[in-house]
Amino acid sequence: MQTHKAKRVEITIEAVMERRLTTALVTAGVTGFTVLPVLGGSGRSGQWSREGQVSRAGGMVSVVCIVRADKLDNLLDAAFSVVERHIGVVSVVDCEVLRAERF
Amino acid sequence: MQTHKAKRVEITIEAVMERRLTTALVTAGVTGFTVLPVLGGSGRSGQWSREGQVSRAGGMVSVVCIVRADKLDNLLDAAFSVVERHIGVVSVVDCEVLRAERF
Amino acid sequence: MQTHKAKRVEITIEAVMERRLTTALVTAGVTGFTVLPVLGGSGRSGQWSREGQVSRAGGMVSVVCIVRADKLDNLLDAAFSVVERHIGVVSVVDCEVLRAERF
Amino acid sequence: MDGIFALAVDNLLSPIILFFALGLLAAFARSDLTVPESVAKGMSLYLLFAIGFKGGASVAAHGIDATLLLSLLAGLILSFVLPFVAFTLLRVMTGLSVTDAAAVAAHYGSISIVTFVAATSVATSAGLNSEGYMVAVAAVMEAPAILSALWLIARYDSSGSGKMEAGLLQEILLNGSIVLLVGSFLIGVITGAEGLAKIAPFIVSPFQGVLCLFLLDMGLVAGRGLREARDVLRPGLFLFGMVMPLIGSMFGLGAGLLLGLSPGGVMLFMTLSASASYIAVPAAMRVALPEANPSIYLTLSLGVTFPFNLTLGIPIYLTIAQALTGA
Amino acid sequence: MDGIFALAVDNLLSPIILFFALGLLAAFARSDLTVPESVAKGMSLYLLFAIGFKGGASVAAHGIDATLLLSLLAGLILSFVLPFVAFTLLRVMTGLSVTDAAAVAAHYGSISIVTFVAATSVATSAGLNSEGYMVAVAAVMEAPAILSALWLIARYDSSGSGKMEAGLLQEILLNGSIVLLVGSFLIGVITGAEGLAKIAPFIVSPFQGVLCLFLLDMGLVAGRGLREARDVLRPGLFLFGMVMPLIGSMFGLGAGLLLGLSPGGVMLFMTLSASASYIAVPAAMRVALPEANPSIYLTLSLGVTFPFNLTLGIPIYLTIAQALTGA
Amino acid sequence: MDGIFALAVDNLLSPIILFFALGLLAAFARSDLTVPESVAKGMSLYLLFAIGFKGGASVAAHGIDATLLLSLLAGLILSFVLPFVAFTLLRVMTGLSVTDAAAVAAHYGSISIVTFVAATSVATSAGLNSEGYMVAVAAVMEAPAILSALWLIARYDSSGSGKMEAGLLQEILLNGSIVLLVGSFLIGVITGAEGLAKIAPFIVSPFQGVLCLFLLDMGLVAGRGLREARDVLRPGLFLFGMVMPLIGSMFGLGAGLLLGLSPGGVMLFMTLSASASYIAVPAAMRVALPEANPSIYLTLSLGVTFPFNLTLGIPIYLTIAQALTGA
Ligand SMILES: Nc1ncnc2c1ncn2[C@@H]1O[C@H](COP(=O)(O)O)[C@@H](O)[C@H]1O
Ligand SMILES: Nc1ncnc2c1ncn2[C@@H]1O[C@H](COP(=O)(O)O)[C@@H](O)[C@H]1O
Ligand SMILES: Nc1ncnc2c1ncn2[C@@H]1O[C@H](COP(=O)(O)O)[C@@H](O)[C@H]1O
Ligand code: NA
Ligand code: NA
Ligand code: NA
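Residue numbers (our numbering), protein chains in the order written: chain G, 1 to 103; chain D, 1001 to 1103; chain S, 2001 to 2103; chain W, 3001 to 3327; chain C, 4001 to 4327; chain Z, 5001 to 5327.
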């Protein structure tokens, strides 16, 4: 089956920042993404879990975007402008996609 | 630690189609997969979120299958037959796995 | 935007083993990870789903760790010591990250 | 008309309508107020459980009515027929494609159980009893409309979409709401007054309160849908969303009068025919007619027809039913 | 025997059993009816909270019985002993491996709190009071059986699996159900009638209704389990799932009579001994004995023994307890 | 003092406090007891809905008090002013950075609705009525403190963090809790006694029971927070978490006396001023002040001040309010 090269970007970020991130993505021309729930995690700011955290104010989500390679820099700039002051992780993986016309 | 080459396929699809997809996968000989919940997303058919969507009829899931490279084409054919008329995204990434005898 | 090479490890494991896995990771010097919920899946031990499973004793989670390549072996050893007798899947993907100083 | 008006005002100022309005407003104002999905699902299970059981217990109390079977049959026929009415109206009033029109039509042949619940509670407030088996009629009316829609597609659309896939029919007939509603109804029939006494403190007294919270959520969901699908809602469509329930209710009125139902029963039959599905049918359409645009049918059914019935429709149906049955 | 039969029929036609049956049927028919996981968890918290508190308030009302401590001790011993009985029976009746047999045995030494709740409600309907501290006995019986199972493995299986990992014991003893049940019990004891009066509208009157919805979910889960694990259920195993509760109940009967408990107390002791765990023990087994096949122990405990106790077991235990205590 | 002491003991032995303590203990003991997030969210929706509606219905019953507007204004001012008090105290008592101190200060200007609910239920038990519109005052006091904190940052921190981002203000003012609380209050005012009668079996009688379960969850969450953030809690901070509510309550006392509120109203105003936010403000701080350490403000507000108010604070405020209003 015919596949096409693309990039899969995964941005793990605080839930309160989700709307700001997706707005920045859309502004940067990235209109396709999927938001996954996160149960818990650990990082430089310590360990947390959805059910055991102090107040439910917290919580994170993971935003996955698949883009053509030439849009990657735009996307990373947009993502970085939002996560810059905040905790969170951005990673990029090479991937292949079906139905390339969608990206 | 000894690892082995494999493919990681991620299929994001409407929740109502999940059973049809996994049935197609099993028929195609893919018996290992993991289903992840999806909170929301955006694509050519617009933006949606699990808590804010018109009616809870919608919603998507993400099905992750790790397969040996030689089974990939079978898997993609099966996946494509289901997603063809539907919205959703299929992506493939090269990976390494432990315990190769499981795949 | 400047990115850096790293490894993305994904460990799908029974929820009852989560704490044991993350403790082993921390002991092995891996302090960054994200835990994702899993809705269901299928493997050699059969098919299950979160809402339809016999008793809610079961259930799985997916633990994602992004690490520098030189920490990978440590991580895999730690992960393997926990999943060894248990069901579950470990996969590794090459990735690029922003803000490398965090890993 | 005065009666309708007073009734409508009264209805508009009831807690359940005001909580629905609160949800709508909160959504329009982009508040982040949300009811967690599983809590909303839990409340809908509660409502189906309660309404089904109470219907069954009422049948047990009043004995099985000779018209029960005829009413079920009438519901079945209405659910098959109404999509054709809706389809024709849509082709006349709007520029929808065959696929979209058929998908919308399926929703209007089927029913909204929350509209039914709200109507029941208005009927009770107005002192009207109704046939307990009307919940069984509601269950019977959920699915047939889907078949009519697929038939319409097969007939008018040469592109060959809309095949009735194996397994879909079973999926529709055994969908969770129908099973819980019918199951609770039957258990209500079997355990009767004694069973009801045991669980009344759970399903009778707190019912109105749960309904308020549930309608708050419906308002939030409908409001968010309307906000996002503004451009979809052309005037013709919008009008259809309020004319169709009135037309549908006339079919229900005819059926109810022919069957000789009580005033409450007639009103509920009108409400069922007037209401549009927003759970079972959309899910079926995503499987069978993925080419149809979900924004259109969801916005119409949940964003226009549901609020219309809740606020104006139900008082109208009540007044007409009372007038024509002489209650 | 006639008494048991009439009682069983009566029991079978109660709403809670019928909702359990509805769940089973819906699962067998592959309906998509589901109770969201968090709603089911919420209901189980409610049941533990209510049953614990009411037990405690009842102890506060009747004073601390001299036999309280002895009953706890008896429960402890039974939970340790019953796995050996079950293990022996399994080795005789079925071809299970040592590992699988030990895992199953652990379940039958422990208890099912929902079975206990259902028995309490049957006892109350039959006009029997029982010792409020029976809920504490239930809590005490949850964990010890796990140790017996691990001992069995260590004794009969040379492969060295089944080590008692550090931390597991604490995890079992402090598992959520035990903590909530015991905590609510103690709060009930402390706040007594006054406390109960404050929260009775929450934990007393709606209790039966919540139990119905909860058993609907149990039926769904048990039904799906049975459907998927059909091939696991050989006749010997199936038989074990119904014989073992009867044998277990005899141990409970002996303990109850020796302790001189009330008829209701004897019946509850029988039920506890007869019931099999399906939450705490499976989780512990996944950690300590991952080699044991979960389909076997879950299907047996939830798919066979739970329905057996709910439908036939409880009326049998009630009749025997009444006969032998002269109630 | 004797009165306070007796009252405190009485309060400490009430079910709601004991369930909170159970949650704390379970968390300290590392039990896996948890309330699913969506169930906890559902219960908090219920509490807001019930408390808002009852407040509104009470306003409808007693007529709109001339002091309503003045009370709202007083709440607004207090919420603006208290962060400055807290900030000064923090700079004196602790070594917190400007950013962390401002973030903490925002929490103490805002309020905790659960503390308010608990105080209402203590007031009711003590036979004190209070102005129904105090729930509106609570809503008004949620947000202003955030603006004060951002102003403090702008004033004392040259690094330029803490900008008031576009959209944040709207997000704060329209956050779910405020909308639901105010909306339910208004619906209570509109539908009055008639509306209350319809939904009382849902929002009045089971209220205390739900509050128990909710406080169990609060105890679990607070306990886990305390366990993880032990090192953050230096003595100065810890002390601040108990001194600040007492100081805050004096401001509330002054306002309540000046306004001539009822004894219950004075006590509630004291409680509002004494309590610290743990939902709305933390979320706003994560957006506007990500550099501030959430462990500090969450642990203080939820781990120290909340339990302090629940156990000792509320009885103190009650006693003082009664003494100074001569009730
Ligand atoms: N190395 C990592 N791999 C995967 N997820 C991470 C990693 N580091 C941080 N995270 C996630 O990002 C969150 C915030 O991390 P931090 O900014 O390091 O406190 C954590 O709670 C994790 O969910
Ligand atoms: N480029 C993308 N990257 C990640 N997820 C996507 C992308 N495009 C679409 N999706 C997901 O697939 C769903 C349907 O997309 P579409 O078919 O484009 O409407 C969206 O709601 C997203 O969840
Ligand atoms: N090939 C695979 N790809 C993705 N997930 C898998 C795969 N195999 C197993 N899993 C996941 O791991 C769980 C246990 O697998 P197993 O150990 O094969 O029974 C399954 O329920 C799936 O969630
Ligand atoms: Na209809
Ligand atoms: Na047992
Ligand atoms: Na305050």
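If you are wondering where the hints come from, they were derived from the structure by calculation, not from laboratory data.
No experiment lies behind these values; they were computed from the predicted model shown.
Be aware that one or more of the hints could be misleading.
Residues of chain S clear of chain C, computed beta-carbon distances all greater than 12 Å [stated by the list, open to error]:
{"id": "1", "residue": "ARG2019"}
{"id": "2", "residue": "THR2023"}
{"id": "3", "residue": "GLU2084"}
Distance ranges between label pairs, derived from CB positions [claimed, not checked]:
{"id": "4", "chain 1": "D", "residue 1": "THR1023", "chain 2": "W", "residue 2": "ALA3154", "range": "20 to 26 Å"}
{"id": "5", "chain 1": "C", "residue 1": "ARG4234", "chain 2": "Z", "residue 2": "VAL5204", "range": "26 to 32 Å"}
{"id": "6", "chain 1": "W", "residue 1": "LEU3174", "chain 2": "C", "residue 2": "GLY4167", "range": "53 to 59 Å"}
{"id": "7", "chain 1": "Z", "residue 1": "LEU5025", "chain 2": "W", "residue 2": "ARG3230", "range": "25 to 31 Å"}
{"id": "8", "chain 1": "W", "residue 1": "ALA3166", "chain 2": "C", "residue 2": "ASP4231", "range": "56 to 62 Å"}
{"id": "9", "chain 1": "Z", "residue 1": "LEU5073", "chain 2": "C", "residue 2": "GLY4167", "range": "29 to 35 Å"}
{"id": "10", "chain 1": "S", "residue 1": "ASP2073", "chain 2": "G", "residue 2": "ASP70", "range": "33 to 39 Å"}
{"id": "11", "chain 1": "Z", "residue 1": "GLY5095", "chain 2": "G", "residue 2": "ASP70", "range": "46 to 52 Å"}
{"id": "12", "chain 1": "W", "residue 1": "SER3158", "chain 2": "G", "residue 2": "THR23", "range": "54 to 60 Å"}
{"id": "13", "chain 1": "D", "residue 1": "ASP1070", "chain 2": "W", "residue 2": "LEU3169", "range": "53 to 59 Å"}
Idealized CB from N, CA, C, for every residue including glycine.
Structure-based check of each hint:
1. Interface exclusion of S:ARG2019 from chain C breaks down, the closest Cβ pair being 9 Å apart, not more than 12 Å.
2. Listed as outside the interface, S:THR2023 is inconsistent with that label: its C-beta sits roughly 9 Å from the nearest C-beta of chain C, within the 12 Å cut-off.
3. Remark: the non-interface label on S:GLU2084 conflicts with the geometry, its nearest Cβ contact in chain C lying 9 Å away (cut-off 12 Å).
4. The given range of 20 to 26 Å is respected by D:THR1023 and W:ALA3154, whose C-beta atoms sit roughly 25 Å from each other.
5. For the hinted restraint 26 to 32 Å between C:ARG4234 and Z:VAL5204, the CB-CB distance of approximately 55 Å leaves it violated.
6. At roughly 44 Å, the beta carbons of W:LEU3174 and C:GLY4167 sit outside the given window of 53 to 59 Å.
7. For Z:LEU5025 paired with W:ARG3230, a C-beta distance near 52 Å fails the hint of 25 to 31 Å.
8. Range check, W:ALA3166 to C:ASP4231: Cβ separation about 25 Å, and the 56 to 62 Å hint is violated.
9. Judged by the Cβ atoms, the range 29 to 35 Å given for Z:LEU5073 and C:GLY4167 is violated: they are separated by roughly 56 Å.
10. Between S:ASP2073 and G:ASP70 the Cβ separation comes to about 35 Å, which falls inside the hinted range of 33 to 39 Å.
11. Under the hint 46 to 52 Å, the C-beta atoms of Z:GLY5095 and G:ASP70, about 51 Å apart, fit the expected range.
12. Restraint check, W:SER3158 to G:THR23: a C-beta distance of roughly 43 Å breaks the suggested window 54 to 60 Å.
13. In this structure the supplied range 53 to 59 Å is violated for D:ASP1070 paired with W:LEU3169, their Cβ-Cβ distance being about 38 Å.
In terms of the numbered hints stated before, the structure departs from hints 1, 2, 3, 5, 6, 7, 8, 9, 12 and 13, listed from lowest to highest.
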